Each structure stands twice: as C-alpha cells, then as structure tokens.
Amino acid sequence: MLKVLKNKLEQGNKTSSYPKEPISLYHRFRGLPVINSECSSEIVTKCARLCPQDAIDPEAKTIDLGRCSFCGQCEKVENGAFVKFSENFDLGTENREDLITDGTLPVLADHSKQHFKKLFGRSLQLRQVSAGGCNSCEADTNVLTTPFFDLSRFGIDFVASPRHADGIHVTGPITRNMKQALLDTYDAVPSPKVVIASGCCSISGGPFFGSEEIIGDLNSLIPVDLYIPGCPPHPLTTLHALLKYFK
Amino acid sequence: MDNFLQIENGKAIPRAAIPEVSFDLFFKSISQFVKDDGFIVQFFVYEEANVYKLLAVVRNSNLYAISTEIGTRFQSFTRSVSEKFHMFEREIAEQFGLKPDGHPWLKMVRYHKNFTGKEDVFGNNYDHDIPGNYSYFQVNGESIHEVGVGPVHAGIIEPGHFRFQCAGEEVLHLEIQLGYQHRGIEKMLPALPHKRYPIICESIAGDTTIAHSLCFSQAFEGLGGLTVDKGAKIVRSMALELERLCNHIGDLGALSGDVAFNPPAAYFGRIRGEFLNLLQVLGGNRFGKGLVRPGGVTHVMGDEQRRLIRDKLAEITPEIEHISDLLFGAPTVLARFEHTGTVEHSVAKELGLVGYAGRACGIPYDARVTFPNECYGELPANTNSVTNGDVNSRATVRREEIMHSLTLINILLDKTETTAEEVHMQECSLSPDSFVVTVNEGWRGEVSHCLLTDNDGKVQRYKVKDPSFHNWTGLAMSLRNQEISDFPLCNKSYNLSYCGFDL
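Which chain is which? The protein sequence lines are A and B, in order.
By numbering that gives the first Met the number 0, the letter at position 183 of the first sequence is numbered 182, and the numbering carries on one by one without gaps.
By numbering that gives the first Met the number 0, the letter at position 17 of the second sequence is numbered 16, and the numbering carries on one by one without gaps.
Quick caveat, the hints were computed from the structure, so don't treat them as lab data.
Predicted model only: the values in this text are computed from it and were never measured.
From the three backbone atoms N, C-alpha and C, an ideal C-beta is built for every residue, glycine too.
Be a bit skeptical, because a hint or two may be false.
To be verified - Mimicking EDC-like on lysine to aspartate or glutamate, the simulated pairs with C-alpha atoms at most 20 Å apart in a straight line are:
no. : chain 1 : residue 1 : chain 2 : residue 2
1   : A       : LYS7      : B       : GLU320
2   : A       : LYS178    : B       : GLU320
3   : A       : LYS13     : B       : GLU320
Claimed, not checked - What the simulated footprint calls covered on chain A by chain B, stretch by stretch (three residues with Cβ under 8 Å from a Cβ of chain B suffice, anywhere in the stretch; the number is not a length):
no. : stretch
4   : 66-75
5   : 94-102
6   : 140-149
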C-alpha cells in the first residue's frame, strides 16, 4: 500500500490540458502539408514520381492525404520547394474528396452532421474493428485511453460489444478475410450509427493498394462519416477529429 | 554439416553457391541438424522454370543454407523430425499447392489462393469468404464443451479466432486460427517498384516497424552493395531498442491490468507513450516509420535529439524502476503470474520458440548476440534470471530487457559519431542471381527477411518471417490445463502479432 502511495506521489497528474490549451508536437512530426502551388511542374512531377503511395497529382499540384503515408520523401526534393510538412495535426475531414488537398482542409466542426452532435455530443461509444491493420493505428487509438489523453473525460469510450456502440472505428485496408466480420459488426450496431475510417489503409488501402487480398476503400462497403488520415494517425489527430466532429 | 553452406547475416551470395542436394540427402541433413539442437530460420519454396525449389535457412551458432527440388508432394518433416516444421509446411502447401505427405494437421494458414493456380491442397473455394473448408481440433466426451472467440475481440486489438476445448473451466486444448489480416504481402512485393518496399515493410507489423525495416534495408544493402556509416548504425540500433522498450513497457502495464492491479497499468501505459515520442524525436513518427532506409537513416541525430533523449531517459528511468518494483513486489500479482501458462523447456525447444518467449523457457538465443549487425557487436549482452516458462518468467525477462535496453541506449548516446547525410529511398540496382538472408532481434524475437533475385536483378521471391510465426504455438501450449479465465493473462505475456503472422 505504501508503495502504491509513493508511486502515486511520484507520478502526480499527467493528463494533458488539450484541448483547453494548445499542444505542440516535436518539429520533426509530419502533419498537414504546406504546399507551394507556385512550384514548377518539373519539381512537382519529380515529387510525384518519387512518392511511394502515388499520392501526388502533378497537374493539380495536390496531395491525397487519404493515400499519403506521411513518409516525408517529397519534402526532401529541392529542399521542400513543393511541399513541407507542418506540425499541425488537425487532419480529420468529413468528405473523402477534401483529403485531396492543396494544403488547406475545411474546418471540420462546420461540416459535421448536426444530428450527430445532438445524439452523440455528450456520449459516444465506439466499437473498434481492425480489418488488416498493422497494429500501429490500433496501438495509437488504444493510447487515447491512457492517463495522458484520458479519452473518457470527453464522454467517449471504446466498448466491447457492437450492440453497445454508436458506431464503428475501422482501421486496416479491409482484407478479404475480414470483410464479412466487419459487415457483421456494422450490422450489429443499432441505428443511427457512425462510421469512422482511420488511417490511410481504410481510406485507400494505404501501403497495400493494388493487392488482390484487400478491399482498400471502406466507403465502397459502408458509408463513411469521418475520415482520419495518417500512417498511423497521431493520437491527437484522432482526438481532434472526434472532438470537433461530435462535440 | 558438410552439405550446408555457411552464410552470413545480411551478406549477399550468388544463388549458384547454395548447395542443391537430392531430397533424401536434404531430409537426412536437416533431420540431423535439428536433432543436434539446430533451429529453423526460413523454410520456403520458390518457383523457377516450373520447378519448385525448397530452401532452408537454419541456425545453430552460425547460419546455413541448403536447398532441394521437390515435386507436388514431398515427405513431411513435421511428424518424423520435429514440430518446428509444422507451420512452415502448411505455409508451403498453401502458397504453392504442394502437399507435405504425412503432415499431422494439414490445414490452411492464412486462407488465400495459392500463387501458382494449382489445385488447392485443402479443397477450398476462395471465391467464398472465410470460413472455408476446414475443421477444428476436437475433444469428445461428456462434459466437454467448446468456446469460440473472435475474429473480432473485445478490445482495440487485431482479429484472430481462438477455439478452446474445455472440461469445465479447464482448457484441454486451444487452437488458434489466424489469416484474417492477410494482405498478400509476399505475393505483391516482387511485382512492385522498389519505392514501395520500405512503406510496405514498415507495415508488415506496425509495432515491429524498425525490426522489419532493418531486415528489408540490410537485405537491399547486401544486394545493392550499399554501405551504412557508423552514425546511421547508432540511430538504427537506438531505434530498435526504443521499439523494444515501448512494447515491453506497454505489455507490463497491460499484464498488470489483466490481474486487476491498476496503478502500474496506468503508469506504464503513459510511459510507453514517452518512448513512442522519443521515436518521433528521432524520425518524426511514433512507430519509427520513415526512419530506416537502405544505406542509412532519413534523419540525422544531432545534439538536440541526443539531449532530448538523454534528458527523458534520466527522468523516467527511476520511475520505471519504482513501478516495476511495485508490480513485481505485489503478492497478489505474483500469485497470478507464477505457475500460470507454463511451457516446459523441452516443449519450447521442440517448437523452436524465439525471443522472450524462448528466453523465459531457458533458450537464451538472442540474434543481437549470435548474429550481431548494426552496433550490436560492441554492445553488452543481456542475461535472464527467471526461466521457468510461466507468465512470471516472460514478464521478468521483459523487465530485465527493459533495463538492458535503457543501458544500451545510454551507451549509444555516448558515441559521438554522427551520420554524414540523410539517406532516402532510391532506385538501386540489385546484384542478379543472388540470395540474402537478414536476421534482427525485434522486440518479440527473431525477425528475418530472405530475398532471391533473378538474372535481371529483379526481386524474384521475397520471404518474410515474423517471430510470431514460431511463437503462436507456444501460446496454445501455455493454455493446456489452464483455467480459461487465465487466457488474457497468458495471451498478453506473449503479445504476439496477428498481422506479422498473416502477412
């Protein structure tokens, strides 16, 4: 008992004051890209050719954050002449097409469905389904329940049964072998329900795009309400998206 | 031994140098090798000019390779030689439609069409979703009942199916059926441009990003003749240790949570995040994605990063010691940890368990010591004091590895070499008709990649092995004669990878 108390004193209170106070990430973190639309086509084409995820459209000079794995290779071309990744972790969007960005994203709070805010604003229970995820999206979602983020203080929880859930949070490129289990879980959630696609895998297949063993796009199976890009999304990206969309 | 070729970790050799012997001689040589305390690193098939070649990479204190040609059926090693082969042979049957004759439990591994278009060994029609045509191990008798769990589990974890055969609360047998995470990695890699390789290898198992990307990068370095400077090796070794730390610390917290002792669960859960953040300091991503590339690392570790890591370690090392002391000093915790989920040394050896699962059963193998690469040749090794094969042993081994990794990182921080420049993924020409095996000690144990190039220098076969491929059977054995309520505790003491297994 004494040891418990001693450790408690040593640990103190470590819960983050986000979102009341802003939080800044280390400058090497790669968040929302800052894109130079004045950049020469030659350089943008070079970036597009190097991009392992084929996420850059050299003509429109945009990056598809639904495909991007945030590896940062394009940032190294000509010293970031076309793109530089900022520390801004606010990346969630309501629409898939908004993720194809010239460096700006719509304000998420203005786009969220009002009836969702009314229904789930005070209490949101989610069932997580990993459908081929590499366990980094899962791990960085799990981390939201640790004392630093303490997700339940916002009335948001991950629950065991889909019957107790208001929606599902899906990670992974939807393998063929998980498709049925995913659809069964979705069906078991009572309506009205929300669907969240988390990580570039569930949005576009991520690193595995083109594989015949995956579906790749969650929205082709069930209607997605909220997209959270990243590989994996930073826990703050997920937290920001959940708070702005539902609160 | 005369029939084997001794090879080196990460060093490419011409394919012509791999000894190819008759199947009989292959069978005899491998059988003897395994009887003499040898273990399997890789055991896989590749196709060449419509002929199937079976290639084995085995280890004792050295690495060896040997190959043979096989037909559509071949004699199984599983029953007659060792259980080590059972999953490898099932994998071969599934990937190439070749049947190991006499395999005691020939069943699909990941549920997918084979690579060759041959008739399916298991009689499955893959146009139908999982579950296909396969049965589960059964125990019959009055009062025997079966419990099925998954693929979707009650938590934020990956999918897999567990089938328990129970007499009352006691588990007689657990069968673990995976495959739900299968993304077709081995099949897709040879057809893809090199630029996609690092991104895919980082996502084989996201919690083992560094170990898998090291295996990939070292393989490309071996085949492409790239060198890595000392500064980059320091960053890579440090990243591998940070990965080990965050996973071990997270799991000790989760083990504590599983026995309802909440303070260490909360504290370790948060401290795990501190180490993820240190990986972010090194390379901008909490899992180390985008950091390791063939030829070096994408971010230079400068004074600023060194200072941040050093300061953070100084701050949290005493906390880790205190919380470990709290966890392992609590009688209620020890009562649950000790004598739970025991795997005997002989069973662990027969199954070929690796990593902390093996070390907790008295198999000291650590790839960092046996096949050192990066900076490991000059770093001290670890030893384990508790090796009874139970949950307590696995937890204690992890506690010891946490303290060891902290020491290693401090040693690495004291080295002053800094990498000359950032290295990014680039097209590199690989030497044709070559073969390379890379082995790294990921946090779960031995991670290994194996590449064969064709005569144009294109990747012909890319074989990946995650330590979970060996260790899932260890978890199944842990559950024998345990109460079913101890499953979460046993499971977390291993914390194996679903996606690393499923590929």
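Hint by hint, here is what the structure shows:
For the suggested pair A/LYS7 and B/GLU320, the alpha carbons sit about 14 Å apart, so the restraint of at most 20 Å is met. With a C-alpha separation of about 44 Å, the suggested pair A/LYS178 and B/GLU320 falls outside the 20 Å cut-off, and the hint is violated. Distance check on the hinted pair: A/LYS13 and B/GLU320 sit about 18 Å apart at the alpha-carbon level, within 20 Å; holds. Counting residues of the stretch 66-75 of chain A whose C-beta sits closer than 8 Å to any C-beta of chain B gives 6, which meets the bar of three, so the coverage hint holds.
Proximity of the stretch 94-102 of chain A to chain B, defined as three or more residues with a beta carbon under 8 Å from a beta carbon of that chain, is not established by the 0 residues found. With 7 residues bearing a CB less than 8 Å from a CB of chain B, the stretch 140-149 of chain A meets the requirement of three and the coverage assertion stands.
Of the numbered hints stated above, those contradicted by the structure are hints 2 and 5, listed in ascending order.
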